[in-house]
Each structure stands twice: as C-alpha cells, then as structure tokens.
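Given only the sequences and the hints, what does the whole structure look like? Please build it.
Numbering (the working numbering), first residue to last: 48 to 622.
What the hints contain is simulated information worked out from the structure, not anything from laboratory work. Do not take every clue at face value.
Said to hold, decoys possible - In silico DMTMM-like pairs for lysine to aspartate or glutamate, Cα to Cα no more than 25 Å straight-line: (1) 596 to 510; (2) 370 to 446; (3) 435 to 281; (4) 409 to 354; (5) 433 to 338; (6) 168 to 446; (7) 274 to 340; (8) 368 to 446.
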Amino acid sequence: MHQLFQKVSLLFLACPAMVMGQTAKGNYSPLPLKDLSAFESASPNWSIQGGISIHPSGTAKPKTLAGDGVLIGNAGTVLTTKLKASDLRLYVEFNVSPGAEGNVILPGGQKVKISDSSKQKTADASTSGYIGQFPNQNAAKSAGLWQTLEISYDASVQHIPNSARLNTLSLNGVTVLETVYLPNSKAATDGQPIAFEVTKGSIAFRNVGYQLLANRKPLSLSNLNYKVYADKWDAKEYSKLDHQGQSPVLTQEVTNGMREFHLVYEGDIDVTEAGDYIFTTIYSGPVLSLDIDGKNVVSSGEATSQETHTGSINLTQGKHKLKVYYSRFPWRQPALGVRVEKSGVRPYDLHALSSLPEPEPKPYISVTPEMRPEMVRSFIQVDGEKNKRTHCISVGSPDGWNYTVDLNRGALLQAWRGQFADVTEMWYERGEPQLLFPAGLKVHVSGRSSVAVLDNANAAWPDSSNINFLGYKIDQKGYPVFRYAIGSATVSDELVSGGNSLSRTFRLEGTPTGTLYSLLASGKQITEIEKGLYQIDDRFFVQVDKKAKAVVRPAGEMKELILPVSNATSYSMFW
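Here you go:
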C-alpha cells in the first residue's frame, strides 16, 4: 500500500586521464592545484597528483598518476588554505578510498563530513554531508567514484551572536540539508581559511571552486518603460494595448489587478563590473522571457508555483538594453521576479518585493516502499529529450534500490538509491505533467532498448529494438518480471535489490533469429577495473560473472558494454 505523506515547505581509471588544471563549476573561482602554494605549510600527508585510481572494494591500494590538478590527502595533519573567507559558496569534487573519513572545515570552524558511507541505508553522524545535523538521506556514492559537494554558507547571522548558517548542502546533486544554524568557533566575519582534513584512509579533491559573497550590487536597472496588453492569456501576439508608463523597478503591480494581461518591460541595464552574470526568473504564468541586447537569456513556458529558471550572459561594463515579457494565468495570483548574481556577489532582486507574493503552499507527495516493493506508472522526462517517455514504470524497493523501465523499448532508463519517488506533479491538483521524479541519488543508464538481436558483436545498437512488451508478473518478493517478445523468442527481465547493488537477470525462451545481446551501459569512458568489474564514467560500476564474455566496444564518441544473453544471464550495478 502506498504511504503518502505531505509536507510544506571519479575514480580515475586504470590508466587515469590527466587532469589539466581546474575546471571549477559555473561562476566559481578555482582554487589552484598546480602545487601546494595555495595552502599554508603542508605536511607530508598531502600531495598534488595528476590522477588517482581507487578500487571500490579496497582489494588494491590507491594508485596515483604524476601531474597536477588533484589534491590527495592521507590521515594526518589538517591542510589550511591561504584563502580567507566568510560568507561563501563552495564546490568540491572528492573521491574516497574504502573506509575513508575526513572533513571540509568551513571558515567558522564547522566540519562537513565526507566519508565512505554509500553502504549505509540511513543517514547519521558518519554519513557524508553531516554537519551538526543528520542529512535527510544518504546520497553518497561508492568509494572509487568522484562525488560532488556544494555548500552555501553564511559565516554570521544578523541578530544571532556567535552563529553561522548553512543555507544549503547538496551531495551529488541531492539537497540533503537546508537552513541549519551552527555555532561559530571562530570569528569568521573578517575572513578565516577553509581547511581539508583526512582522519582515516585516503581522500582526493579536485575542481575546488569558491565564491566570496559580498553585498554590493554591480548591476542595476534604469529608464524602465512598460506596456500592458489586454489580449487573452494564451495569445501569441499582443495588440490590445491597455495602458503604458514608467516604473522605477520591475513589478507586475503596474497592471492594476487586471485578470488577464501581457506585460512588456523595456529599459537599461547599468553594469559597473564586467563579467558573467546569472539571471533567475521566478514567476507564475504562461511565459516569462528575458532578453539583453536582443539576445534571449532566459525563456520558459508555463509555471504554476513560482518555479525558477536560470540563464547566464557575459556583460561588459556600461549600458545594455533589457526586455522582459510576462503573462498571467487568469486563475492564479500574478507573480513576477528577476534575481541576478555574479561571482563574488550575493544574489539580489531586481523586482519589487510585493511583485513576488508568498506562493500558495504546494505539498510534497511521495511514495515510500515499506514491507514490499512499490510500482508506479508515469511519464518520464529524460534529460536532453524534448518529448516525455509515456509508457514507463518505476519500481522502488524497501532497502532503497530503485529504477525506471521504458516498457515500449524495454529500456532501463534510470536507477537511483535512497528515497523512492516524488509524485507531486502526478497527484497534486490536476497533475497535468504526469511526471515522476527520483527522490534519491540518480544515475542515467540508457534511453535505448536493453536487449536486441545483433548480426555480430560489432553491429550498431538500435535506438529501439524490434521487441513487443507482453506484460509482467509479480514474483514472491513483490518485484515485477517483465516479458518481451523478440521474433519467435521470449525474454523475461527481472531487476531486484541485491542489498548493496541492483541485480538484473535475463531469461531466454525459444530461439531468436540471431544472437541476443544486452546493453549493460554506455558512456564516454568504460574501464575494466578487474576481471568482470567495469566502471562507467563516474556514474556507476557494473559487475558481471568473471567467465562472462562481456565486450567493451566503441560507439561513435561513446563506448558500450554489451553481453550475450543465453538461458539465464545476470549482472549487477552499484554506485
């Protein structure tokens, strides 16, 4: 039975590729890792290398590659940066050896735990992401895979002495903590260093980026003129001009409470500091579009609950032209907001506070497997695809290994570990999108059919093989077993939780017209770590029987891991 609750609110490879300098994310400034000169005096337990290879089970010692770009620490003395910070955003990629533990130490002295904790079902004080409060779920990856840590942090809190605030902490793209107030052990308002600590095993760091957040406003708006049109809310062109005027700030309130309108702003952007600027739109309505100097920076369609959309542009010092289009849903409260940020600058609003009223509470609806697996049919939107996958089923297990299958193609689309499903967009109000979202640590597997008949092991894998879905039956533990017809043969496909992995078994009945293969994975880099163990980029590992005749083959700019299927053929995945 569905339990619904509502609430408001890289392993470098066996021959590792050289890391050439820093590639810090977005607007982050990179912490140089050419050598240890960015740090205070370093003890021998720290070094700069070009790469590291870590076996996920720890059966072999970590191997390093000469070069630069990767900071490697072993248990011992803390490493402190010469950089001093107070309020900041921090982005770190890290890779842990089996059993490793350590910390990223923030300017106020607070420690963010990083550890080999992927096998823990629940989050506690030993889980990656712990900082005085348990993460809301365990989003850690397996040892040997590169992971990401992203932090938004205020070193002091107004009116609360000796306190800091963790605004958000995301681990591997999953937000595991929000708005946590922390005691300060250091007076960080004037700037204190960041530090790295390893207390057990080995931990590697790379692509360390930071933003020092100041309260200045290097971009402002002026000479704003607006026009309000009374065309129907879904009109594509505007011709019924109702009124126009000037406004000192962006606000939807110039429409004077009209039930249907289209609002167009034009004006100047005054830039005092050249650089990359990120604009975020927050709104409710059919459309909000933002153009600068005739170039579209943010353009998005329907938003019902003040969703956010972002875009970036490099701006030179001086004046630039701004144009904003906004339309209202007649059945919803209007809301128009635009926020801007730049490296080293705290995000700030370009709209009037009253233009973005407090949104109506939107519940979070989830499905949580308890004693037996749960199954949910839904649409799925795959990243990079324009159209939804319409014939999908997602299966969640009580011990947190979950997956989605596209039944039309017999394709394992995605798998994830942790909490099961966010079904808010399916079951709240009209649920028009009918989209299910993974609630845990997701890995994209493939959008193509998992099984296909090939003439030989070098034949191209079809986007959708010639298979027909025959339905599924439920096994004794509650997992579905999918059945497909391929010519005169029938294939059953069973995916079950293996405790610390997701196990998959194909069973073949009859004789296909050629050799039946399974596509286990595709990626830019597939490396055999040891006999039968493969690493797929920094996403996941695939384990096959050591006697299995798995093949790693080129596929354009990508690689594929395929395996012949006969009788009963199995493999497992973990991350």
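Do the hints match the structure? See the list:
1. 596 to 510: holds (23 Å)
2. 370 to 446: violated (50 Å)
3. 435 to 281: Answer holds: residue 435 to residue 281 is near 23 Å, not above 25 Å.
4. 409 to 354: Given pair residue 409, residue 354 holds - Cα atoms ~11 Å apart, limit 25 Å.
5. 433 to 338: The given pair, whose Cα atoms are some 23 Å apart, holds under the 25 Å limit.
6. 168 to 446: Holds. Residue 168 to residue 446 sits at ~7 Å (cutoff 25 Å).
7. 274 to 340: holds (19 Å)
8. 368 to 446: Outside the cut-off at roughly 54 Å; violated.
In the structure shown, a violation is registered for the earlier hints numbered 2, 8, in ascending order.
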